[in-house]
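Q: First residue of the sequence shown: 1, per the numbering used here; consecutive thereafter.
Misleading hints may appear alongside valid ones.
[Stated by the list, open to error] DSSO-like, lysine-lysine: derived pairs with alpha carbons at most 30 Å apart:
| no. | residue 1 | residue 2 |
| --- | --- | --- |
| 1 | K66 | K179 |
| 2 | K179 | K107 |
| 3 | K179 | K148 |
| 4 | K179 | K195 |
| 5 | K107 | K148 |
| 6 | K195 | K148 |
| 7 | K242 | K195 |
| 8 | K148 | K247 |
| 9 | K107 | K66 |
| 10 | K179 | K247 |
| 11 | K195 | K247 |
[Unchecked claim] Pair ranges (Cβ atoms, derived):
| no. | residue 1 | residue 2 | range |
| --- | --- | --- | --- |
| 12 | V9 | S226 | 33 to 39 Å |
| 13 | Q224 | A117 | 43 to 49 Å |
| 14 | L103 | T5 | 18 to 24 Å |
| 15 | V139 | M221 | 21 to 27 Å |
| 16 | T244 | G131 | 28 to 34 Å |
| 17 | L25 | P215 | 44 to 50 Å |
| 18 | R122 | N32 | 43 to 49 Å |
| 19 | P2 | Q41 | 21 to 27 Å |
Hints are computed from structural coordinates only; laboratory data are not their basis.
Where a beta carbon is used, it is the ideal one built from N, C-alpha and C, also for glycine.
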Amino acid sequence: MPEQTFRVVGDVDLSSAEELQEALLLLVNATNDNLVLDCEQLQFIDSSGVAVFMHTWQLLALEGRKMRVTNLNGMARRAFEVLGLNRVWPSNPVNQRYRCLDLDLSKGGSVEQPAGAFLMIRRDVWQRLNGFDEGFRPVWFEDVDFCKRAMEAGYRIELVPTVRAAHTGGHSVNRVPEKCRIRFWYASLLRYAAKHFNFVSYRWVCLAAALGSGPRMIAGMIEQRSLAPVGTYLGIIGFSLKATVRKVC
Numbered sequence: 001m002p003e004q005t006f007r008v009v010g011d012v013d014l015s016s017a018e019e020l021q022e023a024l025l026l027l028v029n030a031t032n033d034n035l036v037l038d039c040e041q042l043q044f045i046d047s048s049g050v051a052v053f054m055h056t057w058q059l060l061a062l063e064g065r066k067m068r069v070t071n072l073n074g075m076a077r078r079a080f081e082v083l084g085l086n087r088v089w090p091s092n093p094v095n096q097r098y099r100c101l102d103l104d105l106s107k108g109g110s111v112e113q114p115a116g117a118f119l120m121i122r123r124d125v126w127q128r129l130n131g132f133d134e135g136f137r138p139v140w141f142e143d144v145d146f147c148k149r150a151m152e153a154g155y156r157i158e159l160v161p162t163v164r165a166a167h168t169g170g171h172s173v174n175r176v177p178e179k180c181r182i183r184f185w186y187a188s189l190l191r192y193a194a195k196h197f198n199f200v201s202y203r204w205v206c207l208a209a210a211l212g213s214g215p216r217m218i219a220g221m222i223e224q225r226s227l228a229p230v231g232t233y234l235g236i237i238g239f240s241l242k243a244t245v246r247k248v249c
C-alpha cells in the first residue's frame with residue numbers, strides 16, 4: 001500500500017498536541033494510504049504527544065492501515081520505554097523500530113545496536129574506544145554506549161544472519177535481588193542519557209523514569225501480591241527527580 005509522509009517538527013507537548021492531532025486527522029481522512037511519521041526534526045515529546053501517536057495509530061488500525069515512525073531520536077525512544085508504553089502497547093510503531101520487531105533477521109545489514117550477548121568487536125576498534133565504560137556498573141547499557149560511540153567514530157555495525165549463537169539468558173543477573181536489578185537498570189539508563197543527550201532531552205528522560213515508575217509499581221504489587229515494589233519504585237522516583245538537578249555520573 002502507498003505511504004504518506006508527515007514530518008513532525010519541534011516540540012510536541014500539551015500546548016501543541018491538539019494542533020498535531022488535527023493535522024494528522026486531516027491527512028488520515030484525506031487518503032487511504034499508510035502513514036509515515038518522520039521525526040527527524042522532532043526536538044521534544046511528552047505524554048500528550050505520545051497520546052497523539054497512539055490515537056492516530058489506532059484510527060489507522062481500524063481501517064486495516066499501518067503507521068510507522070522513522071528517524072526518532074534516542075530521547076524519544078527511551079521515553080516510550082521508561083513510561084511503560086512498550087509493555088502495555090507492544091505493537092506501537094516506536095517499539096517496532098526500537099526492538100527491531102519489523103526487521104527481517106534472515107537478511108544482513110547495518111543496525112544501531114545488536115544484543116550484547118553476542119557482539120563481535122574488532123580488537124583495534126575496542127582498543128581505540130577503550131572498551132566498555134565501566135561507569136555502567138554493575139550491568140546494563142555498557143553495550144549500548146559502546147555501539148553509539150563506535151557509530152559516532154565512523155564505524156558501521158552489521159547484522160550477519162549466518163553467524164548464530166544460542167543464549168538462554170539471565171544466569172548472572174538472576175543472582176541479583178530484583179529490587180537491586182531495577183535500581184541498577186534505571187541508574188544505567190540515566191547515566192547513558194546524561195552522557196549522550198542534550199540538556200532538555202536528558203531531563204525529559206529523568207521525568208519519564210519518575211512518571212513511568214507509578215504504573216510499574218502498581219503492576220509489580222499485583223503480580224507479586226506484595227507491597228515490596230512500593231519501596232523500590234518510590235526510591236526510583238526520588239532518584240530520577242534528583243537526577244534532573246544533578247546529572248548521574
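Q: Give a verdict on every hint.
A: Hints and how they fare:
1. Proposed proximity of K66 and K179 is contradicted: the alpha carbons are some 38 Å apart, above 30 Å.
2. The suggested pairing of K179 with K107 is violated, with an alpha-carbon distance near 39 Å, which exceeds 30 Å.
3. Note on K179 and K148: the hinted pairing holds, with a Cα-Cα distance of about 28 Å set against a maximum of 30 Å.
4. For a cut-off of 30 Å, the pair hint linking K179 to K195 stands: about 25 Å separates their Cα positions.
5. For the hint pairing K107 with K148, the CA-to-CA distance comes to about 22 Å; that is within 30 Å, so the pair holds.
6. Of the pairs offered as hints, the one joining K195 and K148 holds, with about 11 Å between alpha carbons and a cut-off of 30 Å not exceeded.
7. Under the criterion of a C-alpha separation no larger than 30 Å, the hint pairing K242 with K195 is consistent with the structure, at around 16 Å.
8. Distance hint between K148 and K247 is fulfilled; the C-alpha atoms sit about 20 Å from each other, no more than 30 Å.
9. Between K107 and K66 the alpha-carbon distance is near 23 Å, which keeps this suggested pair within the 30 Å criterion.
10. In summary, the hint linking K179 to K247 is supported, as the alpha carbons are separated by about 22 Å, within the 30 Å threshold.
11. Taken as a hint, the K195 and K247 pair is honoured in the structure, with Cα atoms around 9 Å apart against an allowance of 30 Å.
12. Checked against the hint of 33 to 39 Å, the pair V9 and S226 fails, with Cβ atoms roughly 46 Å apart.
13. Separation of Q224 from A117 is about 27 Å and departs from the stated range, judged on CB atoms against 43 to 49 Å.
14. For L103 and T5, the Cβ-Cβ distance of about 21 Å falls inside the hinted range of 18 to 24 Å, so the restraint holds.
15. Take V139 and M221: their Cβ atoms lie about 25 Å apart, and the range 21 to 27 Å holds.
16. A beta carbon spacing of about 30 Å between T244 and G131 agrees with the range 28 to 34 Å that was offered as a hint.
17. Restraint check, L25 to P215: a C-beta distance of roughly 28 Å breaks the suggested window 44 to 50 Å.
18. A C-beta distance of roughly 48 Å is found between R122 and N32, which places it inside the suggested range of 43 to 49 Å.
19. At about 23 Å, the beta-carbon gap between P2 and Q41 stays in the expected band of 21 to 27 Å.
Violated hints, listed in ascending order, are 1, 2, 12, 13 and 17; each of the other numbered hints is respected by the structure.
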